[in-house]
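Produce the entire structure from the sequences given, and follow the hints as far as they go.
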Amino acid sequence: LTPAWSAGRRIAWRGSETYRFVTPMRQRLDLLEANYDILVDGFPRSGNARAATYIEISTMSRVAVRTHYHIPVTLRRVVGFGKPAVCLIRNAEEAVLSWTIFRPRSLVDLAFRSYVQYHRSLRSVAVDLFIVPLAAMLHRMPVVVEAVSVRYGLGDRGL
3 LTPAWSAGRR IAWRGSETYR FVTPMRQRLD LLEANYDILV DGFPRSGNAR AATYIEISTM
63 SRVAVRTHYH IPVTLRRVVG FGKPAVCLIR NAEEAVLSWT IFRPRSLVDL AFRSYVQYHR
123 SLRSVAVDLF IVPLAAMLHR MPVVVEAVSV RYGLGDRGL
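Under the working numbering, the first residue of the sequence shown carries the number 3, and numbering increases by one thereafter.
You may find that some hints are simply not true.
As the list claims (entries may be wrong) - Computed beta-carbon distance windows for the label pairs: (1) E96 with T55: 16 to 26 angstroms; (2) A51 with G82: 17 to 27 angstroms; (3) R52 with V110: 37 to 47 angstroms; (4) G155 with L109: 40 to 50 angstroms; (5) A66 with A149: 15 to 25 angstroms; (6) R107 with G155: 19 to 29 angstroms; (7) R153 with L109: 30 to 40 angstroms; (8) M62 with S126: 27 to 37 angstroms; (9) V152 with F83: 13 to 23 angstroms.
By construction, these hints were calculated from the structure, which means they are not laboratory data. All residues carry an ideal CB built from backbone N, CA and C; glycine is no exception.
Structure below.
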């Protein structure tokens with residue numbers, strides 16, 4: 003995270019129309035597409051891959067899962083589509099430390115501000131998200147997946 007990158011992200015995170023042109027550059031799917039059943043996402047290093055993989059395995063791939071956008075615009079957009087959205091949350095200190103180890107050129111203070119900014123930008127849709135602390139996903143994954151299934155009525159798909 004550099005200051006210029008951080009400033010650019012603040013502008014892009016404001017809306018999906020702005021960020022739509024950035025996602026292909028990040029080798030991601032178009033965030034306005036809706037060809038999936040559930041989004042599992044969160045701030046980087048918050049267990050997104052593990053959670054998404056567990057859901058795919060537990061449903062025997064009957065549920066199309068998207069993950070690793072790591073941008074709040076995507077979660078807000080999915081809520082707008084009326085699709086299930088799981089937002090994983092990791093303790094700020096752990097997430098920032100893990101990110102700065104994963105990306106050694108990242109500055110700790112910018113990573114922390116990015117963490118705060120990421121979660122603040124989700125306040126408007128928080129009630130519509132299925133928010134899961136990383137510890138719950140790691141230690142009680144079957145219970146969490148069952149709760150997601152019940153909330154979103156995905157039981158017929160194998161969740």
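Going through the hints against the structure:
1. In this structure the supplied range 16 to 26 angstroms holds for E96 paired with T55, their Cβ-Cβ distance being about 20 angstroms.
2. Checked against the hint of 17 to 27 angstroms, the C-beta distance between A51 and G82 comes to roughly 24 angstroms, which is consistent with it.
3. Between R52 and V110 the beta carbon distance is about 24 angstroms. The supplied range of 37 to 47 angstroms is therefore violated.
4. Between G155 and L109 the beta carbon distance is about 43 angstroms. The supplied range of 40 to 50 angstroms therefore holds.
5. For A66 and A149, the hinted distance range of 15 to 25 angstroms is satisfied, since their beta carbons lie about 20 angstroms from each other.
6. For R107 and G155, the Cβ-Cβ distance of about 44 angstroms falls outside the hinted range of 19 to 29 angstroms, so the restraint is violated.
7. As the Cβ distance of R153 to L109 is approximately 38 angstroms, the hint placing it in 30 to 40 angstroms holds.
8. The beta-carbon spacing between M62 and S126, approximately 35 angstroms, falls within the hinted interval of 27 to 37 angstroms.
9. In this structure the supplied range 13 to 23 angstroms holds for V152 paired with F83, their Cβ-Cβ distance being about 20 angstroms.
The structure is inconsistent with the numbered hints 3 and 6, although it conforms to all the rest.
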